[in-house]
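My request is simple: use the sequences and hints to build the entire structure.
Take the sequence shown: its position 24, counting from 1, is numbered 44 in the working numbering, and each next residue is one higher.
Rather than coming from a laboratory, the hints here were simulated on the basis of the structure.
Just so it is clear, the structure is predicted and the values come from calculations on it, not from any experiment.
The hints are all genuine.
Per label pair, the in silico range of CB-to-CB distance: (1) Arg99 <-> Asn161: 19 to 27 angstroms; (2) Gly138 <-> Val32: 19 to 27 angstroms; (3) Ala46 <-> Thr142: 20 to 28 angstroms; (4) Ser69 <-> Glu153: 28 to 36 angstroms; (5) Pro152 <-> Glu112: 29 to 37 angstroms; (6) Asp72 <-> Leu147: 13 to 21 angstroms; (7) Asp102 <-> Ile33: 18 to 26 angstroms; (8) Glu108 <-> Glu62: 27 to 35 angstroms; (9) Ala92 <-> Trp155: 21 to 29 angstroms; (10) Gln109 <-> Pro162: 30 to 38 angstroms; (11) Glu112 <-> Trp155: 30 to 38 angstroms.
Ideal Cβ placement from N, Cα and C applies to all residues, glycine included.
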Amino acid sequence: MKFNRSMPAATVIPVVNYPDVEAAVAWLTAAFGFTERVRIGEGHRAQLSVGDGDVVVRDAGDGWSAPRRGAAAQTVMVRVDDVRAHCEQAREHGARIVMEPTDFEYGERQYVAADLVGHPWTFSETLADVAPEQWGGTTINPR
21 MKFNRSMPAA TVIPVVNYPD VEAAVAWLTA AFGFTERVRI GEGHRAQLSV
71 GDGDVVVRDA GDGWSAPRRG AAAQTVMVRV DDVRAHCEQA REHGARIVME
121 PTDFEYGERQ YVAADLVGHP WTFSETLADV APEQWGGTTI NPR
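So this is what it looks like as structure tokens:
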């Protein structure tokens, strides 16, 4: 893949819609610890980085919309080092915690938070390397 400074480096780039991009960027950086990388236009889009991943936030308009309360159409999963600390930071910034930090048999501790407009975000901390077969999954294409 060719490098382009105007494009996030991640292979998969979620694009999440907000009615106010500037407010979303301010909130996502404060609550979830993202870093703004590129701003495009006056409140049109912004690229945010987190760890080795990226997300684009864009203005809701031209046929795109933010979720209605209680009706999410997507979620974004972000890996973090400490789910409990991350959850408390998000809570302090007004995130609605949909699922408190929970340990799962597949080796992850996760929580789900709704952001300032209701988008659900799942944050995951790896606790152990667990083979999918140990919890009922099936490995199809090992890396």
